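Student: Next come the chains, spelled out residue by residue.
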Amino acid sequence: KQEVTQIPAALSVPEGENLVLNCSFTDSAIYNLQWFRQDPGKGLTSLLLIQSSQREQTSGRLNASLDKSSGRSTLYIAASQPGDSATYLCAVRPLKYGNKLVFGAGTILRVKS
Amino acid sequence: DVKVTQSSRYLVKRTGEKVFLECVQDMDHENMFWYRQDPGLGLRLIYFSYDVKMKEKGDIPEGYSVSREKKERFSLILESASTNQTSMYLCASSPRGPLPNSNQPQHFGDGTRLSIL
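Chains as they are written, first to last, in the working numbering: chain W, 499 to 611; chain C, 2 to 118.
Among the hints, erroneous ones may be present.
Derived PhoX-like pairs: lysine-lysine, alpha-carbon spacing no greater than 25 Å straight-line [said to hold, decoys possible]:
#1 W:K598 to C:K72
#2 C:K19 to C:K72
#3 W:K598 to W:K499
#4 C:K71 to C:K54
#5 C:K4 to W:K540
#6 C:K56 to W:K594
#7 C:K54 to W:K598
#8 C:K54 to C:K19
#9 C:K72 to C:K56
#10 C:K19 to C:K58
#11 W:K598 to C:K56
#12 W:K598 to C:K58
#13 C:K58 to W:K594
#14 W:K499 to C:K56
#15 C:K4 to W:K598
#16 C:K54 to W:K594
#17 W:K499 to W:K594
#18 W:K499 to C:K58
#19 W:K598 to C:K71
#20 C:K14 to W:K540
According to the in silico footprint, chain W covers these stretches of chain C (three or more CB under 8 Å from chain W) [as the list claims (entries may be wrong)]:
#21 44 to 50
#22 91 to 97
#23 106 to 116
Estimated spans, in silico, between C-beta atoms of each pair [to be verified]:
#24 C:T16 to W:G539: 17 to 25 Å
#25 W:R559 to C:R45: 28 to 36 Å
#26 W:P580 to C:K58: 37 to 45 Å
#27 W:E554 to C:E23: 35 to 43 Å
#28 W:V518 to C:R45: 21 to 29 Å
Source of the hints: derived by calculation from the structure; they are not laboratory data. Remember, predicted model here, so these are calculated numbers, not experimental data. The beta-carbon is built from N, C-alpha and C at its ideal position, and this holds for glycine as well.
Required output: the full structure, derived from the provided sequences and hints.
Tutor: Here it is in structure tokens:
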């Protein structure tokens, strides 16, 4: 059964720091891995999707990497800002289940001004 | 722009009531999903649908049913609401596989915070 783990569970950093969020998964047979952002009391916003054949994806100050063979992904946030404060979730789309996603529990990020 | 709309942001109901949560997407997606999110438990899949009138159970279907009469609309039904169904409910949609559709992201609505008293 596919399991997704995110470390750390919570992170507090001063504004301007570069930071890394980690995601690991137990089964490398995936279509893709997706990173989401969730603000308090809101739904999920898709940030980046990395296909299984790709190594990384970039969007603005965000860079996500994927090492499928070791079951790991990282989300790198450059020059963090207070507006980056949110919960970040990763999810994999297993080949076995076709349409479903398997989510990690998330990392709660707080960027202090 | 992609849009998934959930009919209510907040809802308060009583135990034993039949509760309907509605979700509409405007992207012509085949797949639609209902999740619930609870502190410490993360997102758990309740039901999903891959086409009109088609449905499959997710990880926690007990106490819920769904309806998909039109492609754009997916309804979650709590047959007889109980206090342990108090939660945040999230709807999502995506195109159906195979590639390249299977590499399209899921899009989520803003969620419905449901309280059962």
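Student: Look at each hint and say if it fits the structure.
Tutor: Cross-check of the supplied hints:
Among the hinted pairs, K598 of chain W with K72 of chain C is consistent with the structure: their alpha-carbon atoms are about 18 Å apart, no more than 25 Å. For the suggested pair K19 of chain C and K72 of chain C, the alpha carbons sit about 23 Å apart, so the restraint of at most 25 Å is met. Annotation: proposed proximity of K598 of chain W to K499 of chain W holds, straight-line Cα distance about 13 Å (limit 25 Å). With a C-alpha separation of about 8 Å, the suggested pairing of K71 of chain C with K54 of chain C holds against the 25 Å cut-off.
In summary, the hint linking K4 of chain C to K540 of chain W is supported, as the alpha carbons are separated by about 14 Å, within the 25 Å threshold. Simply put, K56 of chain C and K594 of chain W have alpha-carbon atoms about 18 Å apart, close enough for the 25 Å limit, and the pair holds. Pair hint K54 of chain C plus K598 of chain W holds up; C-alpha atoms about 18 Å apart against a cutoff of 25 Å. Using a Cα cut-off of 25 Å, the hinted pair K54 of chain C and K19 of chain C holds, with the two alpha carbons roughly 21 Å apart.
Of the supplied pair hints, the one linking K72 of chain C and K56 of chain C holds, its CA atoms being roughly 12 Å apart against a limit of 25 Å. Restraint check: the Cα-Cα separation between K19 of chain C and K58 of chain C comes to about 19 Å, which is no more than 25 Å; the hinted pair holds. This hinted pair checks out: K598 of chain W and K56 of chain C have alpha carbons roughly 13 Å apart, not beyond 25 Å. Under the criterion of a C-alpha separation no larger than 25 Å, the hint pairing K598 of chain W with K58 of chain C is consistent with the structure, at around 11 Å.
Proposed proximity of K58 of chain C and K594 of chain W is supported: the alpha carbons are some 16 Å apart, at most 25 Å. For the proposed pair K499 of chain W and K56 of chain C, the alpha carbon gap of about 22 Å is at most 25 Å, so the pair holds. As the CA atoms of K4 of chain C and K598 of chain W are separated by approximately 19 Å, the hinted pair is consistent with the 25 Å bound. Pair hint K54 of chain C plus K594 of chain W holds up; C-alpha atoms about 23 Å apart against a cutoff of 25 Å.
As the CA atoms of K499 of chain W and K594 of chain W are separated by approximately 10 Å, the hinted pair is consistent with the 25 Å bound. Between K499 of chain W and K58 of chain C the alpha-carbon distance is near 17 Å, which keeps this suggested pair within the 25 Å criterion. Using a Cα cut-off of 25 Å, the hinted pair K598 of chain W and K71 of chain C holds, with the two alpha carbons roughly 21 Å apart. At most 25 Å may separate the alpha-carbon atoms for a hinted pair to count; K14 of chain C and K540 of chain W meet this at roughly 20 Å.
Closer than 8 Å: that is the beta-carbon criterion, and the stretch 44 to 50 of chain C has 3 residues meeting it against chain W, so the requirement of 3 holds. Interface restraint, the stretch 91 to 97 of chain C with chain W: holds (4 residues with C-beta to C-beta distance below 8 Å; minimum three). For the stretch 106 to 116 of chain C, the proposed coverage by chain W is satisfied: 8 residues have a C-beta within less than 8 Å of a C-beta in that chain, meeting the threshold of three. A hinted range of 17 to 25 Å holds for the C-beta pair T16 of chain C and G539 of chain W, which are about 24 Å apart.
At about 31 Å, the CB distance of R559 of chain W to R45 of chain C agrees with the hint of 28 to 36 Å. Between P580 of chain W and K58 of chain C the CB atoms are about 41 Å apart, so this pair conforms to the stated range of 37 to 45 Å. Against the hinted window of 35 to 43 Å, the Cβ-Cβ separation of E554 of chain W and E23 of chain C comes to about 38 Å, which satisfies the hint. Between V518 of chain W and R45 of chain C the beta carbons are some 27 Å apart, a value that agrees with the proposed interval 21 to 29 Å.
Of the numbered hints listed earlier, not one is contradicted by the structure.
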